[in-house]
Amino acid sequence: MRNVWPLLRVQLIQTWRSSLQRMTGTRSRLGLLLIPLILLAFFPLIVMFIVAYIGLYMGLEPLGQAHLVLTIALTGGQLLCLIFGVLYVISVFYFSQDLRLLIPLPLRPGEIALSKLMSILLGEYLTIAPVVLPALGVYGVLADVGPLYIPFAVLIYLMLPVVPLVLSALFSLLLMRITALRRNRDLFRVFGALVGVGLAIVIQFVGRFQQGGLRVEDVQRFVEAQQPLVQGVARWLVTSTWGTQALQAGSPALGIPPFLLFTGIVAVSLGLLVAGAERFFLGGLLGGDEVASSGRQVSRPELAERTGKEQSPLRALFLREVRLLNRNPTFLMSGVITPLLIPLFIAIPLATGGLLVEGIDFSAGADLPWTPAVLLGILFLLNSTSVIPSSAISREGRWFWISQSLPVAPRVQIHAKLLHSVLFSLLNLLVMGVVTVWLGLGTLRNLAVLLTGGLLVSVISGYSGLLIDVLKPSLAWTDPQQAMKGNINSFLAMLINLAIVAVLAGASVLLYLALRPFFLPGLLIVLALGAWFLGQIVGALADVRYTQYEL
Amino acid sequence: MIELVNVSKSYGGGTKKAVDNLSLTIRPGEIFGFLGPNGAGKTTTIKMIVGLLRPDSGTVRVGGYDVVRQPLEAKRQLAYVPDTPEVYDKLTGLEYLNFIADVYGVPSGERQERIARFADAFNLTNALLDRVDSYSHGMQQKLVLISALMRDPPVWVLDEPMVGLDPRSSHQLKELMAEHTRRNRTLFFSTHVLEVAERLCDRVAIINKGRIIACGTLDELRRGQTGETLESIFLELTEQ
Ligand SMILES: Nc1ncnc2c1ncn2[C@@H]1O[C@H](COP(=O)(O)OP(=O)(O)OP(=O)(O)O)[C@@H](O)[C@H]1O
Ligand SMILES: [Mg+2]
Numbered sequence: 000m001r002n003v004w005p006l007l008r009v010q011l012i013q014t015w016r017s018s019l020q021r022m023t024g025t026r027s028r029l030g031l032l033l034i035p036l037i038l039l040a041f042f043p044l045i046v047m048f049i050v051a052y053i054g055l056y057m058g059l060e061p062l063g064q065a066h067l068v069l070t071i072a073l074t075g076g077q078l079l080c081l082i083f084g085v086l087y088v089i090s091v092f093y094f095s096q097d098l099r100l101l102i103p104l105p106l107r108p109g110e111i112a113l114s115k116l117m118s119i120l121l122g123e124y125l126t127i128a129p130v131v132l133p134a135l136g137v138y139g140v141l142a143d144v145g146p147l148y149i150p151f152a153v154l155i156y157l158m159l160p161v162v163p164l165v166l167s168a169l170f171s172l173l174l175m176r177i178t179a180l181r182r183n184r185d186l187f188r189v190f191g192a193l194v195g196v197g198l199a200i201v202i203q204f205v206g207r208f209q210q211g212g213l214r215v216e217d218v219q220r221f222v223e224a225q226q227p228l229v230q231g232v233a234r235w236l237v238t239s240t241w242g243t244q245a246l247q248a249g250s251p252a253l254g255i256p257p258f259l260l261f262t263g264i265v266a267v268s269l270g271l272l273v274a275g276a277e278r279f280f281l282g283g284l285l286g287g288d289e290v291a292s293s294g295r296q297v298s299r300p301e302l303a304e305r306t307g308k309e310q311s312p313l314r315a316l317f318l319r320e321v322r323l324l325n326r327n328p329t330f331l332m333s334g335v336i337t338p339l340l341i342p343l344f345i346a347i348p349l350a351t352g353g354l355l356v357e358g359i360d361f362s363a364g365a366d367l368p369w370t371p372a373v374l375l376g377i378l379f380l381l382n383s384t385s386v387i388p389s390s391a392i393s394r395e396g397r398w399f400w401i402s403q404s405l406p407v408a409p410r411v412q413i414h415a416k417l418l419h420s421v422l423f424s425l426l427n428l429l430v431m432g433v434v435t436v437w438l439g440l441g442t443l444r445n446l447a448v449l450l451t452g453g454l455l456v457s458v459i460s461g462y463s464g465l466l467i468d469v470l471k472p473s474l475a476w477t478d479p480q481q482a483m484k485g486n487i488n489s490f491l492a493m494l495i496n497l498a499i500v501a502v503l504a505g506a507s508v509l510l511y512l513a514l515r516p517f518f519l520p521g522l523l524i525v526l527a528l529g530a531w532f533l534g535q536i537v538g539a540l541a542d543v544r545y546t547q548y549e550l
Numbered sequence: 000m001i002e003l004v005n006v007s008k009s010y011g012g013g014t015k016k017a018v019d020n021l022s023l024t025i026r027p028g029e030i031f032g033f034l035g036p037n038g039a040g041k042t043t044t045i046k047m048i049v050g051l052l053r054p055d056s057g058t059v060r061v062g063g064y065d066v067v068r069q070p071l072e073a074k075r076q077l078a079y080v081p082d083t084p085e086v087y088d089k090l091t092g093l094e095y096l097n098f099i100a101d102v103y104g105v106p107s108g109e110r111q112e113r114i115a116r117f118a119d120a121f122n123l124t125n126a127l128l129d130r131v132d133s134y135s136h137g138m139q140q141k142l143v144l145i146s147a148l149m150r151d152p153p154v155w156v157l158d159e160p161m162v163g164l165d166p167r168s169s170h171q172l173k174e175l176m177a178e179h180t181r182r183n184r185t186l187f188f189s190t191h192v193l194e195v196a197e198r199l200c201d202r203v204a205i206i207n208k209g210r211i212i213a214c215g216t217l218d219e220l221r222r223g224q225t226g227e228t229l230e231s232i233f234l235e236l237t238e239q
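Listed in order, the protein sequences are those of chains E and G.
According to numbering that gives the first Met the number 0, the stretch in the first sequence is residues 0 to 550, in order.
According to numbering that gives the first Met the number 0, the stretch in the second sequence is residues 0 to 239, in order.
Simulated from the structure, these hints should not be mistaken for lab results.
Please read these numbers as outputs of a predicted model, since none were measured by experiment.
Some hints could be false.
[What the hints assert, rightly or not] FRET-style restraints, in silico, Cβ to Cβ:
1) G:Glu85 to E:Ala498: 30 to 40 Å
2) E:Leu429 to G:Leu175: 25 to 35 Å
3) E:Ala527 to G:Ala177: 54 to 64 Å
[As the list claims (entries may be wrong)] In the SDA-like style, the derived pairs of lysine to any residue whose C-alpha atoms are separated by at most 20 Å in a straight line are:
4) G:Lys89 to E:Val335
5) G:Lys89 to E:Ala475
6) E:Lys308 to G:Arg116
7) G:Lys89 to E:Arg326
8) E:Lys308 to G:Arg113
9) G:Lys89 to E:Arg99
10) G:Lys89 to E:Phe399
11) G:Lys89 to E:Gly396
12) G:Lys89 to E:Arg322
13) G:Lys89 to E:Leu318
14) G:Lys89 to E:Arg305
15) G:Lys89 to E:Thr306
16) G:Lys89 to E:Gly307
17) G:Lys16 to E:Tyr548
[Stated by the list, open to error] A few chain G residues that don't get close to chain E, going by computed Cβ distances all over 12 Å:
18) Asn5
19) Leu23
20) Pro36
21) Gly50
22) Glu85
23) Glu109
24) Arg130
25) Val143
26) Asp151
27) Asp165
28) Glu197
29) Cys214
30) Glu235
31) Glu238
Every residue gets a Cβ at the ideal spot worked out from N, C-alpha and C, and that includes glycine.
My request is simple: use the sequences and hints to build the entire structure.
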């Protein structure tokens, strides 16, 4: 395993230097300004978590259960790693470009897997930070903790993502090994991964929410009702319990044993990963680069027949977007994950526990003027999680020279990308439509507003993602994941979308006050104007920026 | 026709000029060879001609259109084959050709006829229905060449087109290049193979450290030099 460290160093230089350079590149120092902005953007989120944890602590303290704050945070952090781990692991383990360089080297599969896991680990520290760090802080300040609290907190934080990541990695290793020799391998893998993610979530929820509905009225009742959930999950991710015990212990004598257990299970899981990688990694990789080539004769008439009829440039560009995304498992997975996951997140607790619907009759509100507006707002938020528009240019990567040399105005090319992203938003729209009807809100008016407004909202969120990506695409990636999750643009786009939602909400209130009977038509007109305006900006920017990227 | 007037370019805002105040005119019907040591600025110049890089100063015109001010018209005039042709790896060869043909508005009939003809010439027909990630380097290069040839534009710009082609294909390519200019079209290409330049080109330019150090027909270059072959002239001129 002595090669792990040099390997890791290369990986880190590859991923982090390129993103650092992109943010602080010589061509524009604006990137540096972004860093405090990003921290600032996280600030409300962190404050929110701090407040929530303080409230939770206050509520649990009288019950003598204050340590559950830690359990909840540790479990939450690990669940995040587990859910996103599968996608991340598959793409980093199997689809990164450097594999073709690494495989011929005299390295053990275990070493490659371990170094790749470490490089993912660093990303996960950032992901779980807003969830886990506030709890560690709150508990450390409020509770009467022992002298080892701070070192334990640091070490536990550092080790926290390991176990869930290894679980994801083992799942991925098996999935890739089993699917290695199939035709349509890529498709299989995308769906396998999605099923894995889905299962992970279902396991979390089924049977837990049945114990009782979620009431927010007071924290104590919430906790009483939800203890089975927390404990159940914590039992499953036993590291949370041991981590909690180590942290909550007042004295070293009580804290060290669970800490050692925690460390032990992390070590064991790494060992499992190495063993699993030695067995399955190369088998799953085998033929990873291989593509079925028919090797048969192609006759003149066949070629002529397959050669397409002339179609418009816009259609050709749109088709290109569709094919390039659908045929890249990493892109496809990140693209469809939210529209598929979010309904799952909503549906499972609803279906298993009657979380909200009990006692509340939504249909009474069906005719309120605000109902469709709120639905549109939710749709906008759903759309804003999409990485399709905010990676549309980045995804072209080293092939961008083709787009740059096409005799098609960048403005037009961007609109092919917009259509493509709207196509994905339609999935969200469909989900919203179903939810609307299911909640008894499906009046003709609501559905009509949802449909027209939903299209406009999708166009707006598409444009705002494209706006970010056209300003600063990340074209120099080697691993497709860098163009998607590793791309800060999706995060920035989400911020912009939040701002747009806020502005639109404000505008809606004004509209409502000013022209009450025409509120909804007015809102649609505002959305249409907003979409048109954004389109002009993005088109003009594309025309300028496309010639400026130097590959 | 390609015109470069006082074109300069340095990378990343640096002071070192990759191309330094370069002027060149390539006339219609001319095969023009662009020679120079590694890192001399050939690729940089070519990228500015095809609009992938913006010159820091100076103007580039293709077919009379300014590459910066009328980029779309200029791009319609030319076909470009880069030194490392990277084609969307998830498309099949034929899908890529169709995409290019759609975007450039090549009518269905001509498209069918030309794809079939050039794919035959380069022996790529049987691979066209496979995905590009199953192609070898040379096959990708042939695919980009076919996509350029099938549009039959007035100006070709090729960056080291022979590299990686098998002998038969590079022979084919040379034939096609000669035929192209017989129809009074312009061809500009960079190469390190001096024999090819010697045999094919009407005129050549030698670039070193971003500046043109010699330009003209072979006879013109021989004048004032002791060497006879292009190789000896090249070695003499680019000596440190
Ligand atoms: N992307 C880039 N960033 C910074 N400098 C570059 C870049 N591309 C080229 N250069 C520099 O510009 C100069 C000219 O490079 P160019 O690629 O044009 O040379 P070339 O003549 O095509 O060489 P070769 O024969 O090796 O292909 C070189 O000094 C090179 O280091
Ligand atoms: Mg070059």
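Cross-check of the supplied hints:
Taking the beta carbon of each, Glu85 of chain G and Ala498 of chain E are about 37 Å apart, inside 30 to 40 Å as hinted. The hinted window of 25 to 35 Å between Leu429 of chain E and Leu175 of chain G is violated, with their beta carbons roughly 51 Å apart. Our hint of 54 to 64 Å for Ala527 of chain E and Ala177 of chain G holds, since their Cβ atoms are close to 57 Å apart. With a C-alpha separation of about 19 Å, the suggested pair Lys89 of chain G and Val335 of chain E falls inside the 20 Å cut-off, and the hint holds.
A distance of roughly 18 Å separates the Cα atoms of Lys89 of chain G and Ala475 of chain E; the hinted pair therefore holds under the 20 Å criterion. Between Lys308 of chain E and Arg116 of chain G the CA atoms are separated by roughly 17 Å; this keeps the pair inside 20 Å, and the hint holds. With a C-alpha separation of about 6 Å, the suggested pair Lys89 of chain G and Arg326 of chain E falls inside the 20 Å cut-off, and the hint holds. The suggested pairing of Lys308 of chain E with Arg113 of chain G holds, with an alpha-carbon distance near 14 Å, which does not exceed 20 Å.
Proposed proximity of Lys89 of chain G and Arg99 of chain E is supported: the alpha carbons are some 17 Å apart, at most 20 Å. Restraint check for Lys89 of chain G and Phe399 of chain E: satisfied, since their Cα atoms lie roughly 14 Å apart, inside the 20 Å limit. A threshold of 20 Å between alpha carbons decides the hint, and for Lys89 of chain G with Gly396 of chain E the separation of about 13 Å falls inside it, so the pair holds. Taken as a hint, the Lys89 of chain G and Arg322 of chain E pair is honoured in the structure, with Cα atoms around 8 Å apart against an allowance of 20 Å.
A threshold of 20 Å between alpha carbons decides the hint, and for Lys89 of chain G with Leu318 of chain E the separation of about 13 Å falls inside it, so the pair holds. At roughly 17 Å between alpha-carbon atoms, Lys89 of chain G and Arg305 of chain E fall within 20 Å of each other, so this suggested pair holds. Among the hinted pairs, Lys89 of chain G with Thr306 of chain E is consistent with the structure: their alpha-carbon atoms are about 17 Å apart, no more than 20 Å. For a cut-off of 20 Å, the pair hint linking Lys89 of chain G to Gly307 of chain E stands: about 18 Å separates their Cα positions.
With a C-alpha separation of about 18 Å, the suggested pair Lys16 of chain G and Tyr548 of chain E falls inside the 20 Å cut-off, and the hint holds. Distance to chain E confirms Asn5 of chain G as a non-interface residue, since its nearest Cβ pair spans about 20 Å, more than 12 Å. Under the 12 Å C-beta cut-off, the non-interface status given to Leu23 of chain G relative to chain E holds; the minimum distance is some 20 Å. The Cβ of Pro36 of chain G sits about 22 Å from the closest Cβ of chain E, beyond the 12 Å cut-off, so the non-interface label holds.
Not every CB of chain E is more than 12 Å from the CB of Gly50 of chain G (nearest about 7 Å), against its label as outside the interface. Glu85 of chain G, annotated as away from the interface, has a beta carbon of chain E within 12 Å; the closest lies near 5 Å. With a cut of 12 Å on Cβ distances, Glu109 of chain G falls inside the contact zone with chain E, its closest approach being about 10 Å. Arg130 of chain G, annotated as away from the interface, has a beta carbon of chain E within 12 Å; the closest lies near 5 Å.
A beta-carbon of chain E is positioned within 12 Å of the beta-carbon of Val143 of chain G; the least distance is around 9 Å. The beta carbon of Asp151 of chain G is kept farther than 12 Å from every beta carbon of chain E, the shortest such distance being approximately 14 Å. No Cβ of chain E approaches the Cβ of Asp165 of chain G within 12 Å, the least distance being about 18 Å, so the stated non-interface status holds. The Cβ of Glu197 of chain G sits about 30 Å from the closest Cβ of chain E, beyond the 12 Å cut-off, so the non-interface label holds.
Every beta carbon of chain E lies more than 12 Å from that of Cys214 of chain G, the smallest distance being close to 26 Å; the non-interface claim holds. Here Glu235 of chain G stays apart from chain E, with its beta-carbon at least about 34 Å from theirs, past the 12 Å limit. The non-interface label for Glu238 of chain G is consistent with chain E: the shortest C-beta to C-beta separation is roughly 32 Å, beyond 12 Å.
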